[in-house]
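Novice: For the sequence shown, position 64 (counting from the first letter as 1) is numbered 64 according to this note's numbering, and the numbering increases by one without interruption.
In short, the hints are calculated from the structure, not lab data.
This one's a predicted model, so the numbers in the text were calculated from it and none came from an experiment.
We put the beta carbon where it would ideally sit given N, CA and C, even for glycine.
A couple of the hints might just be wrong.
Said to hold, decoys possible - For each label pair, taking beta carbons as the anchor points, the in silico distance ranges come out as:
{"id": "1", "residue 1": "67", "residue 2": "133", "range": "16 to 26 Å"}
{"id": "2", "residue 1": "70", "residue 2": "35", "range": "27 to 37 Å"}
{"id": "3", "residue 1": "36", "residue 2": "69", "range": "27 to 37 Å"}
{"id": "4", "residue 1": "1", "residue 2": "81", "range": "37 to 47 Å"}
{"id": "5", "residue 1": "1", "residue 2": "73", "range": "15 to 25 Å"}
{"id": "6", "residue 1": "102", "residue 2": "76", "range": "30 to 40 Å"}
{"id": "7", "residue 1": "109", "residue 2": "33", "range": "36 to 46 Å"}
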Amino acid sequence: MSVEFNHTIVLSRDREESARFLAGILGPEVGEPAGMFLPVRTANGVTPDFATVDVDIPAQHYAFLVPEDEFDQILARLVADGLPLQADPHGRRPRRINRNDGGRGVYFRGPAGHGLEAFTRPYGSDPSPPLHGTTEEVPGAR
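Construct the entire structure; sequences and hints are all you get.
Specialist: Here's what the structure looks like:
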């Protein structure tokens, strides 16, 4: 099959704020506006295209697979910016990261209220490592 996911529209109150927030935390650059959309291009070419809207925005979840060596930088930016983070999408494990599938993962919220996730190993890639299902405290985290 040759189908590839190319882009998704991310509704926000302020496309500039939301796109720059995501780029500032994860590291990619904000692209040039394309009509009403402001893209943030990921390493595999998929873009969340931010759009400013004046309606109630239902929270969505956007997950980003990141290299292990970049995870520490992302985590450091979250802590430095004083952003609340947690090890699970429901916020039951605040100030912690998860160790699922032999990697690390963190959840946080963007300016539009969307749930964002950065993780280093795809789900189900290795459910049997010794740390799977555990969490770690993040020093200095909110």
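Novice: Looking back at the hints listed earlier, which ones does the structure fail to meet?
Specialist: 5, 6, 7
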